[in-house]
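Residue numbers (the numbering used here), protein chains in the order written: chain R, 2 to 172; chain U, 24 to 454; chain X, 4 to 305.
Hints in this document: simulated from the structure, not taken from any laboratory. Some hints here could point you the wrong way.
With beta-carbon atoms standing in for the labels, derived distance ranges [as the list claims (entries may be wrong)]:
no.: 1; chain 1: R; residue 1: Leu33; chain 2: X; residue 2: Ser16; range: 24 to 30 Å
no.: 2; chain 1: X; residue 1: Glu281; chain 2: U; residue 2: Gly444; range: 21 to 27 Å
no.: 3; chain 1: U; residue 1: Leu221; chain 2: X; residue 2: Lys261; range: 14 to 20 Å
no.: 4; chain 1: X; residue 1: Ala96; chain 2: U; residue 2: His329; range: 56 to 62 Å
no.: 5; chain 1: R; residue 1: Thr162; chain 2: U; residue 2: Arg416; range: 15 to 21 Å
no.: 6; chain 1: X; residue 1: Pro270; chain 2: R; residue 2: Trp39; range: 47 to 53 Å
no.: 7; chain 1: U; residue 1: Arg416; chain 2: R; residue 2: Ala5; range: 36 to 42 Å
A virtual CB, placed ideally from N, CA and C, is assigned to each residue, including glycine.
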Amino acid sequence: MKSALLAFYRLLGLLAMLAMVAALITVGLSVLAREASWDIQGLDAYAGYAIVAALFLALPITFQRGEHIRVTLLMGKLPQRWSNALQVWSLLAGSALSALLAWFAVRLVWISWSTHDVSPAMDASPLWIPQLAMALGCIGMAVACLDALLSHLLGLPFFDTHAHGEAARIE
Amino acid sequence: MDALIALLLIVLMLVVLGSGLWIGLALLGVGVFAMELFSTRPVGDAMVLTIWGSTSSWTLTALPLFLWMGEILFRSKLSEGMFRGLSPWLNHIPGRLLHVNVIGCAIFAAVSGSSAATCATIGKITLPELKKRGYPDHMAVGTLSGAGTLGLLIPPSIIMIVYGVAANVSIAKLFMAGVIPGILLAMVFMGYIVVWALRNPQQVPAADAHVGLLAKLYEGRHLLPVVALIIVVLGSIYSGIATATEAAALGVAGSLALAAIEGSLSWRKFYEGLGSAVRVYCMIGLILAGAAFLTLAMGFIGLPRHLAEFIGGLGLSPFALMLVLMGFFILLGCFLDGISMVVLTMAVLLPTVQSAGFDLLWFGIFIVLVVEMAQITPPVGFNLFVLQGLTKREITWLARVSMPLFWLMVSFVMLVYFVPGIITWLPGLMQ
Amino acid sequence: DSKWDLPTAYAPSSFQTENLQSFVNDVDKASAGKLKITLHSNASLYKANEIKRAVQTGQVAAGEILLSGYANENPLFGTDSVPFLADSYAEAAKLAGIERPYLDKLLAAQGMKLLFTVPWPGQNLYSAKPVETAAELKGSKMRAYNPATSRIAQLLGAQPTTIQLAELSQALATGTVQNFLTSSASGVENKLFESVKYYYRVNAWLPKNAVIVSQKAFDSLDKPTQEAVLKAAAAAQERGWKISEAKDIEYQKELAAKGMKLADPSPALKKELQAVGEKMTEEWLKNAGADGQAIINAFKKP
Ligand code: NA
Ligand code: NA
Numbered sequence: 002m003k004s005a006l007l008a009f010y011r012l013l014g015l016l017a018m019l020a021m022v023a024a025l026i027t028v029g030l031s032v033l034a035r036e037a038s039w040d041i042q043g044l045d046a047y048a049g050y051a052i053v054a055a056l057f058l059a060l061p062i063t064f065q066r067g068e069h070i071r072v073t074l075l076m077g078k079l080p081q082r083w084s085n086a087l088q089v090w091s092l093l094a095g096s097a098l099s100a101l102l103a104w105f106a107v108r109l110v111w112i113s114w115s116t117h118d119v120s121p122a123m124d125a126s127p128l129w130i131p132q133l134a135m136a137l138g139c140i141g142m143a144v145a146c147l148d149a150l151l152s153h154l155l156g157l158p159f160f161d162t163h164a165h166g167e168a169a170r171i172e
Numbered sequence: 024m025d026a027l028i029a030l031l032l033i034v035l036m037l038v039v040l041g042s043g044l045w046i047g048l049a050l051l052g053v054g055v056f057a058m059e060l061f062s063t064r065p066v067g068d069a070m071v072l073t074i075w076g077s078t079s080s081w082t083l084t085a086l087p088l089f090l091w092m093g094e095i096l097f098r099s100k101l102s103e104g105m106f107r108g109l110s111p112w113l114n115h116i117p118g119r120l121l122h123v124n125v126i127g128c129a130i131f132a133a134v135s136g137s138s139a140a141t142c143a144t145i146g147k148i149t150l151p152e153l154k155k156r157g158y159p160d161h162m163a164v165g166t167l168s169g170a171g172t173l174g175l176l177i178p179p180s181i182i183m184i185v186y187g188v189a190a191n192v193s194i195a196k197l198f199m200a201g202v203i204p205g206i207l208l209a210m211v212f213m214g215y216i217v218v219w220a221l222r223n224p225q226q227v228p229a230a231d232a233h234v235g236l237l238a239k240l241y242e243g244r245h246l247l248p249v250v251a252l253i254i255v256v257l258g259s260i261y262s263g264i265a266t267a268t269e270a271a272a273l274g275v276a277g278s279l280a281l282a283a284i285e286g287s288l289s290w291r292k293f294y295e296g297l298g299s300a301v302r303v304y305c306m307i308g309l310i311l312a313g314a315a316f317l318t319l320a321m322g323f324i325g326l327p328r329h330l331a332e333f334i335g336g337l338g339l340s341p342f343a344l345m346l347v348l349m350g351f352f353i354l355l356g357c358f359l360d361g362i363s364m365v366v367l368t369m370a371v372l373l374p375t376v377q378s379a380g381f382d383l384l385w386f387g388i389f390i391v392l393v394v395e396m397a398q399i400t401p402p403v404g405f406n407l408f409v410l411q412g413l414t415k416r417e418i419t420w421l422a423r424v425s426m427p428l429f430w431l432m433v434s435f436v437m438l439v440y441f442v443p444g445i446i447t448w449l450p451g452l453m454q
Numbered sequence: 004d005s006k007w008d009l010p011t012a013y014a015p016s017s018f019q020t021e022n023l024q025s026f027v028n029d030v031d032k033a034s035a036g037k038l039k040i041t042l043h044s045n046a047s048l049y050k051a052n053e054i055k056r057a058v059q060t061g062q063v064a065a066g067e068i069l070l071s072g073y074a075n076e077n078p079l080f081g082t083d084s085v086p087f088l089a090d091s092y093a094e095a096a097k098l099a100g101i102e103r104p105y106l107d108k109l110l111a112a113q114g115m116k117l118l119f120t121v122p123w124p125g126q127n128l129y130s131a132k133p134v135e136t137a138a139e140l141k142g143s144k145m146r147a148y149n150p151a152t153s154r155i156a157q158l159l160g161a162q163p164t165t166i167q168l169a170e171l172s173q174a175l176a177t178g179t180v181q182n183f184l185t186s187s188a189s190g191v192e193n194k195l196f197e198s199v200k201y202y203y204r205v206n207a208w209l210p211k212n213a214v215i216v217s218q219k220a221f222d223s224l225d226k227p228t229q230e231a232v233l234k235a236a237a238a239a240q241e242r243g244w245k246i247s248e249a250k251d252i253e254y255q256k257e258l259a260a261k262g263m264k265l266a267d268p269s270p271a272l273k274k275e276l277q278a279v280g281e282k283m284t285e286e287w288l289k290n291a292g293a294d295g296q297a298i299i300n301a302f303k304k305p
């Protein structure tokens with residue numbers, strides 16, 4: 002079960018990486034198209050959809066690798082019992098919030114689909130299609146938060162913070 | 024009543040952030056709480072509609088792409104070559120190779136849009152080298168910490184893109200506006216090194232063996248890749264080949280090409296760089312999403328409007344307002360990263376700032392400078408985190424050695440307040 | 004007592020927003036404070052593309068939208084933007100009267116009610132270089148921001164180039180874009196006179212902003228308040244059309260004062276543009292069906 006979940010987060014992460022490549026290609030194509038006078042329409046909208054997918058699909062794997070930032074000053078200073086309580090609180094609140102987000106992201110897709118909402122830009126895409134990636138990522142995040150909460154309560158490992166030793170944090 | 028709500032929300036925000044909840048989710052949670060309690064609007068649909076709108080915008084595409092570019096460069100030999108090209112030239116300036124920190128950061132800043140990437144990439148080469156040659160740690164680390172923030176001020180700059188979108192200011196003009204302050208601030212940092220070196224000559228190690236001019240020039244060839252990348256990114260914007268947003272894609276393509284040419288590009292590095300870029304973007308993007316919704320919740324409650332009216336009603340002189348805002352941002356910067364600081368506060372502040380007669384272009388650079396300071400103040404300061412990873416030192420020590428640079432930046436803000444032309448002159452030539 | 008939020012994407016200084024503020028004040032007065040509307044300008048609450056959806060799903064009671072922005076959803080939303088069909092205030096007013104029942108029906112089916120519409124000044128041709136005939140537009144980079152503007156560029160043989168408004172003045176300065184269609188109002192508001200010199204009064208179309216309200220929110224008001232809203236809306240529409248026309252003249256004077264060369268299109272250019280218009284009307288009719296045909300027939304009747 003645990004390994005299946007991890008595989009799920011990694012799969013979404015892989016899709017996020019593909020989305021990032023898609024964003025690069027789309028934006029690059031818009032430069033090329035203008036220079037070469039190719040008439041390709043809606044590229045700006047597609048680039049937007051690509052980065053949404055990259056952002057949301059990467060949520061669970063980023064969470065699993067402990068790369069979402071938080072203020073750990075207090076947790077580090079408090080005795081074990083209290084910092085444990087703070088961790089449980091964070092995971093509980095995180096699960097509730099990401100579940101809320103996932104629920105309404107799915108609802109967003111459903112409303113877009115049932116009202117035939119289309120992009121007003123040149124792509125004229127039915128919006129539920131790109132919004133699907135956001136909903137999927139949010140569901141992944143909710144699952145990952147619950148996974149982390151249960152793992153913590155059961156004393157199982159969840160976070161993999163050793164995978165990346167280098168200090169390549171970017172802002 | 025408004026003051027009470029504001030106070031409640033600020034306290035709630037600090038408590039939730041301090042409790043260790045992931046920052047993006049914390050902002051989302053405070054937004055949900057505020058909207059549930061103080062407005063009659065349905066929360067969920069508004070939340071996702073706003074998050075969708077704010078994360079699917081074309082202008083935002085530059086952010087993940089510049090992050091990716093930074094990750095590629097971090098894994099290439101490009102920055103190492105730059106150190107080799109620069110070091111023979113600096114032997115005769117007081118402080119000698121310490122200046123490589125500042126010059127290296129300033130140059131790297133011109134290709135990277137981020138402060139921590141600049142700090143990490145330059146630090147990885149300079150810190151071991153400086154230590155090996157006997158330069159004191161506190162100067163090596165402190166100047167790196169400060170100079171790394173130039174990544175934000177010298178274009179391209181992610182924070183300027185975020186501000187430009189929030190304040191509806193031309194991103195190209197913001198980029199231009201950052202050039203002169205960026206170079207000046209780098210000179211201020213170098214001046215600090217010179218002054219320190221003259222006062223503590225015994226702490227500066229002896230010069231390397233003298234190198235002839237020809238050898239110096241020959242070593243300079245290592246600078247060529249960086250120069251090429253600068254030409255690609257900045258040249259594409261100002262020659263009209265690409266918009267400021269599209270330039271990020273050219274930056275990624277250019278750095279991939281350079282890495283391939285120098286032979287440091289492998290599938291493994293490509294995969295690692297891409298993965299890292301996606302996750303870092305995800306981390307920032309979640310904060311952006313949370314902040315976008317919190318901003319909407321604030322809009323419904325009307326708090327920003329009332330607060331802005333309050334601050335506007337204080338009748339502060341522009342100078343007092345600037346000081347108040349600087350203090351406010353330094354305080355916020357103790358808890359938040361630069362990007363969420365900008366998106367969280369712009370809706371609140373812009374009307375006040377505009378009515379006080381500040382030029383939004385000038386204010387953008389002011390914000391960048393203050394956000395730079397926030398990079399090196401504890402407990403949340405990204406450059407401090409980067410340096411912690413590099414040096415394994417306590418964050419308190421890191422903050423202490425960065426303090427002189429922090430105060431230099433405070434003085435620099437005063438300078439640009441009284442001489443705004445430093446910021447507005449160059450973009451003014453664009454028309 | 005009711006409280007409505009009314010988001011708009013336009014800046015507080017825009018004549019559309021000023022007119023909207025007067026509407027809000029009128030409602031407050033006429034309803035004796037029973038309905039308070041809060042105007043959120045400058046896309047501070049929702050961005051332009053989100054506003055219709057926000058009204059439709061009940062997140063806000065009312066909102067201001069650019070009607071033709073929704074032409075992808077239903078061609079009838081884009082009736083006012085069929086190029087060179089209605090190219091003066093008088094014709095735009097005639098068309099607005101004819102299309103109104105169709106818009107009412109369309110929005111009612113989505114749970115919304117149309118309060119009033121106000122046109123922007125006509126879309127005119129801004130160009131970096133002088134344009135005498137359509138041949139000079141061939142191969143040039145023409146800004147496109149929706150399917151209609153893109154199609155115009157295609158039919159003129161120009162390269163449709165997508166540039167966001169925020170990046171437009173830089174794109175013009177660097178030659179990324181060479182010409183585009185927009186109103187005198189946005190030329191002034193976005194300081195486009197800094198980057199282009201030539202302005203041709205082609206009046207391609209007069210796009211309209213519409214203030215829409217959720218039917219549910221409207222129904223929950225008592226009768227006198229409903230009437231107050233409708234009365235204020237009628238007044239806002241009448242006032243808005245007048246202001247728009249007066250402002251158009253003012254804006255053009257300002258553009259000229261800032262050094263732009265304003266001119267009517269040459270007869271040759273006018274004829275070529277007319278041909279583009281006829282072709283696009285035909286294409287629009289294919290999508291707009293019987294309702295579209297009925298609108299055009301009524302409009303063409305003298
Ligand atoms: Na930079
Ligand atoms: Na800080």
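Inset, instruction - Give me the numbers of the hints this structure contradicts, sorted from smallest to largest. - result: 1, 2, 3, 4 and 6
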